[in-house]
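Undergrad: Sequence:
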Amino acid sequence: MIPDIISIIEKKKLGHALTQEEIAFFADGAAHGTIRDYQIAALLMAIRLNGMNREETVNLTLAMARSGDMVDLSAIPGVPTDKHSTGGVGDTTTLILAPLVAACGVPVAKMSGRGLGHTGGTLDKLESIRGFRIGLSMAEFIAQVQRIGVSVIGQTGNLAPADKELYALRDVTSTVDSLPLIASSIMSKKLASGAQGIVLDVKTGSGAIMHTLRESIDLAQAMVHIGADAGRRMVALVTDMGEPLGSHVGNALEVKEAIDVLSGRVQGPLLTVSLALGSYMLMAGGAAQTPQQGEALLRSALENGSGLAKLRDMIAAQGGDARVCDDVSLLPQAKVRRDVPALAPGYLHRMDTTALGNTAQRIGAGRREKTDIIDYSVGFVLNKRIGDAVQPGDALATVYCKNEEDAAFAIHEIQSAIAIRPEQALPLKLIHAIVEVDRITEC
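Residue numbering for the sequence shown follows the numbering used here, beginning at 6 and increasing consecutively.
Think of the hints as simulated: they come from the structure by calculation, not from any bench.
One thing to keep in mind: the hints can contain errors.
List of simulated lysine to any residue pairs, SDA-like, C-alpha gap at most 25 angstroms [as the list claims (entries may be wrong)]:
no.	residue 1	residue 2
1	K261	P274
2	K16	T39
3	K16	A46
4	K16	A29
5	K407	N388
6	K169	A235
7	K261	D393
8	K434	R390
On a predicted model such as this, the values are computed, not experimentally measured, just so you know.
Whole structure, please, built from the sequences with the hints as guidance.
TA: Structure, rendered in structure tokens:
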């Protein structure tokens, strides 16, 4: 019997589980326009209210992935790996991890996205390097990973088209906050991208899609189960986004920080989280048996310079000016640079990370609409983190802007987003939990 959309909506409205055939019919109809928007919206709301079980969520994810191109990476030797972040501010881990993991012998074949809203996009950061091409053909992409072990490109135009339709409707039907819909949206693109080992970086805190630790762990577990049931090697780390991960926020600024980390000039939270994620990527790729062994390999690649050399290779292979790895002044430079003074003595207690990301967006580092033009040079660098002591006039951050008006705006917004109190505060925990197929380890 051929499914029909009215019966499917009715079934989920009453809280019943949908079959694989019904879910495939729904996803195919969304991808190809054979189901009307208002019917899709009705089913999305039924899913939001009544949820989906594990089998349904896996079937929805696979149906969405199969609604378009399914990338075949079997021609790449070894286990092609990928890392996905649920989105954050100053989250530059891909630019560090991709070359560093590849330098340790595990191929990294990654498709990334652009920034939209308060979070930054890896493609925008890479395009701040003059000449860098993110639009490789699939043959070029695979050949590059075969040759140098790493490539980061934009997603193909026909990757999980069902997700594009559902995502757009979720935004205007108040169904964004549905765990099975979030998990299937993310994982459909990851499964379609072809990587066999996937490490997820699920953010929690004021700058994350999930604000509470419990919600973030639930999302991580759902995505790990989806990937594992689809035959992928999966693990997720729940990491903090109560403040920007790196100190640099803005496209060229974040490329500079990644180069500084790979050059051994910078330590701190960005490096710590990158090493943790990278160690599990090496385990997924078969190069390490334990996280400790993986971290040792990554640190060796940092110390001997092979991680930075691999970034240089990737930039050159994709048409970019690889000299930036040795001279960061070749990256776009902002015209105006101003410090953000602290207005009171005390300790940094809290940051509104979403507000900080929105500030970077408003001065040109991000986009509110997909058609907005980005200024790669602008952003800000945080000089203080939660737990640090400050005195009035101390530079909380330095803003990089195209004019004085934007600088004044950014200074005010950053001061408003950072809470300073008299009592001492502790630094934030960076990694809250490790979610594997069969267990959750809270850190």
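Undergrad: Hint by hint, note whether the structure agrees.
TA: Against the structure, the hints:
1. K261 - P274: Holds, because 16 angstroms separates the two Cα atoms, which is no more than 25 angstroms.
2. K16 - T39: holds (20 angstroms)
3. K16 - A46: This hinted pair holds, its Cα atoms lying about 15 angstroms apart.
4. K16 - A29: holds (15 angstroms)
5. K407 - N388: This hinted pair holds, its Cα atoms lying about 20 angstroms apart.
6. K169 - A235: holds (21 angstroms)
7. K261 - D393: The given pair, whose Cα atoms are some 24 angstroms apart, holds under the 25 angstroms limit.
8. K434 - R390: holds (12 angstroms)
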